[in-house]
Amino acid sequence: MLLGRVVGTLVATHKEPSLEGLKFLVLSHLDMEGKETGGYRVAVDAIGAGMGEVVLYATGSSARQTTVTDKRPCDGVIMAIVDALEVGGELKYDKARDG
Amino acid sequence: MLLGRVVGTLVATHKEPSLEGLKFLVLSHLDMEGKETGGYRVAVDAIGAGMGEVVLYATGSSARQTTVTDKRPCDGVIMAIVDALEVGGELKYDKARDG
Amino acid sequence: MLLGRVVGTLVATHKEPSLEGLKFLVLSHLDMEGKETGGYRVAVDAIGAGMGEVVLYATGSSARQTTVTDKRPCDGVIMAIVDALEVGGELKYDKARDG
Amino acid sequence: MLLGRVVGTLVATHKEPSLEGLKFLVLSHLDMEGKETGGYRVAVDAIGAGMGEVVLYATGSSARQTTVTDKRPCDGVIMAIVDALEVGGELKYDKARDG
Amino acid sequence: MLLGRVVGTLVATHKEPSLEGLKFLVLSHLDMEGKETGGYRVAVDAIGAGMGEVVLYATGSSARQTTVTDKRPCDGVIMAIVDALEVGGELKYDKARDG
Numbered sequence: 001m002l003l004g005r006v007v008g009t010l011v012a013t014h015k016e017p018s019l020e021g022l023k024f025l026v027l028s029h030l031d032m033e034g035k036e037t038g039g040y041r042v043a044v045d046a047i048g049a050g051m052g053e054v055v056l057y058a059t060g061s062s063a064r065q066t067t068v069t070d071k072r073p074c075d076g077v078i079m080a081i082v083d084a085l086e087v088g089g090e091l092k093y094d095k096a097r098d099g
Numbered sequence: 001m002l003l004g005r006v007v008g009t010l011v012a013t014h015k016e017p018s019l020e021g022l023k024f025l026v027l028s029h030l031d032m033e034g035k036e037t038g039g040y041r042v043a044v045d046a047i048g049a050g051m052g053e054v055v056l057y058a059t060g061s062s063a064r065q066t067t068v069t070d071k072r073p074c075d076g077v078i079m080a081i082v083d084a085l086e087v088g089g090e091l092k093y094d095k096a097r098d099g
Numbered sequence: 001m002l003l004g005r006v007v008g009t010l011v012a013t014h015k016e017p018s019l020e021g022l023k024f025l026v027l028s029h030l031d032m033e034g035k036e037t038g039g040y041r042v043a044v045d046a047i048g049a050g051m052g053e054v055v056l057y058a059t060g061s062s063a064r065q066t067t068v069t070d071k072r073p074c075d076g077v078i079m080a081i082v083d084a085l086e087v088g089g090e091l092k093y094d095k096a097r098d099g
Numbered sequence: 001m002l003l004g005r006v007v008g009t010l011v012a013t014h015k016e017p018s019l020e021g022l023k024f025l026v027l028s029h030l031d032m033e034g035k036e037t038g039g040y041r042v043a044v045d046a047i048g049a050g051m052g053e054v055v056l057y058a059t060g061s062s063a064r065q066t067t068v069t070d071k072r073p074c075d076g077v078i079m080a081i082v083d084a085l086e087v088g089g090e091l092k093y094d095k096a097r098d099g
Numbered sequence: 001m002l003l004g005r006v007v008g009t010l011v012a013t014h015k016e017p018s019l020e021g022l023k024f025l026v027l028s029h030l031d032m033e034g035k036e037t038g039g040y041r042v043a044v045d046a047i048g049a050g051m052g053e054v055v056l057y058a059t060g061s062s063a064r065q066t067t068v069t070d071k072r073p074c075d076g077v078i079m080a081i082v083d084a085l086e087v088g089g090e091l092k093y094d095k096a097r098d099g
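Listed in order, the protein sequences are those of chains A, B, C, D and E. Numbering-wise, the numbering used here puts 97 at position 97 of the first sequence, and it's gapless, one number per residue. Numbering-wise, the numbering used here puts 96 at position 96 of the second sequence, and it's gapless, one number per residue. Numbering-wise, the numbering used here puts 50 at position 50 of the third sequence, and it's gapless, one number per residue. Numbering-wise, the numbering used here puts 27 at position 27 of the fourth sequence, and it's gapless, one number per residue. Numbering-wise, the numbering used here puts 92 at position 92 of the fifth sequence, and it's gapless, one number per residue.
Think of the hints as simulated: they come from the structure by calculation, not from any bench. In this text the structure is predicted, and so the values were computed from the model without any measurement. There could be a bad hint or two in this list.
Note that the list lumps identical chains together, so a pair holds whenever it fits in one copy or between two copies.
Stated by the list, open to error - Below 30 Å or equal to it, Euclidean Cα-Cα: the simulated BS3-like pairs (lysine-lysine) are:
no., residue 1, residue 2
1, K35, K23
2, K23, K95
3, K71, K23
4, K95, K71
Construct all of the structure, not just a fragment, from the sequences and the given hints.
Have a look at this one:
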């Protein structure tokens, strides 16, 4: 899995019928310091993530292992909201402090 | 999923029989500002996308989760036409305005 | 899917038994202008592609969705020979003209 | 598979129910000399890896082939703790010596 | 599939039980000229490859399509030993000559 920050939304009315009702969010890639790298991914929100939150997302077939994405043409899913990220003994991100 | 702009078409008469009748489109990769990055992907059109439109596409096994691509040797599918892309509070792409 | 030009062959007599009889071709990656980028992929030929031809190939589990690659440890397959590639209104590759 | 060093932890209380109880570790990518490259991956720990250890991890659908990750939206798993890595006749990493 | 040269071995006594008995080899990536690129991959040896040999390996779910890797958390497998690689009409690698 990789870390991303929710930075945007995407609206698409004309789409595969199986995608009806799914929420697409734009994630800005984060490195392990919690800094944006410039890359992005559009992912389906399976857990109710909010704008600005740091999340964990899964790609590929693993992105279909949730109730909302099962058997759908979706290759990215947000499956966890990060509370704290500690790397090398330092708290790189703390939702209460930085969120 | 990633964003692409439909920029071209591909004709292939000699192919796997299971691909008969599928429409292959050339997608130019877009970053999250909606700008072309130089990369591309050929994807099967599952929804009737038009030249110049901004679309969302899925890759890998997820690209086979549509009726037209099911069980076919296809690793990229267009499954949504983007109406609006908002990132960082700005409307980066609006089909009515830019499409 | 991505575009490649058939530039080489690979011989391997000692291999997984399930790969017996498959033809491995070396593909030079092409960008959407039809120009070689320096990258490559070895793919199984499912359709009888010839040296120098521009082809479309699929990777990952999608590469196993053909009769010859089904259930085999193969992650790349050539599944279409390109006749024409048109990008931005220009004919970047035409088999009859450039092939 | 690729090599990583366990450098951090991630806490996420709000997540897909199927991920409940899984331990997420931050892996710093290693090259084949055993040196960190700057990249990372978050992976589920299937074997009880400790901070600072060099591990082997698998990605994609292969990351779901363990009891703890089966059918879960997880695309990275730690499935082995490296004792020794020998490349080009040199012992690049030895857990007893460097661990 | 991609080309690699077997350059090393990896020992891991503490691992997923299903990986017991598998042999992990370190592969140095080769370009289509047969030259090392600096990248690597750890792969399970399904065919008895030897140190220094040039091999073909598959990744992702395709890496699980051999008897030894079936249903295991393994995303890379060596499934062929290369005898000859011919690109652009030149013999870039010949096991009898260079092996």
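Evaluated hints:
1. K35 with K23: Answer is both; intra-copy 24 Å and inter-copy 23 Å each pass.
2. K23 with K95: Classified as both; 22 Å inside a copy, 19 Å across copies.
3. K71 with K23: Both. Shortest intra-copy (16 Å) and inter-copy (22 Å) distances satisfy the 30 Å Cα cut-off.
4. K95 with K71: Cα proximity of K95 and K71: across copies only (28 Å, versus 32 Å in one copy).
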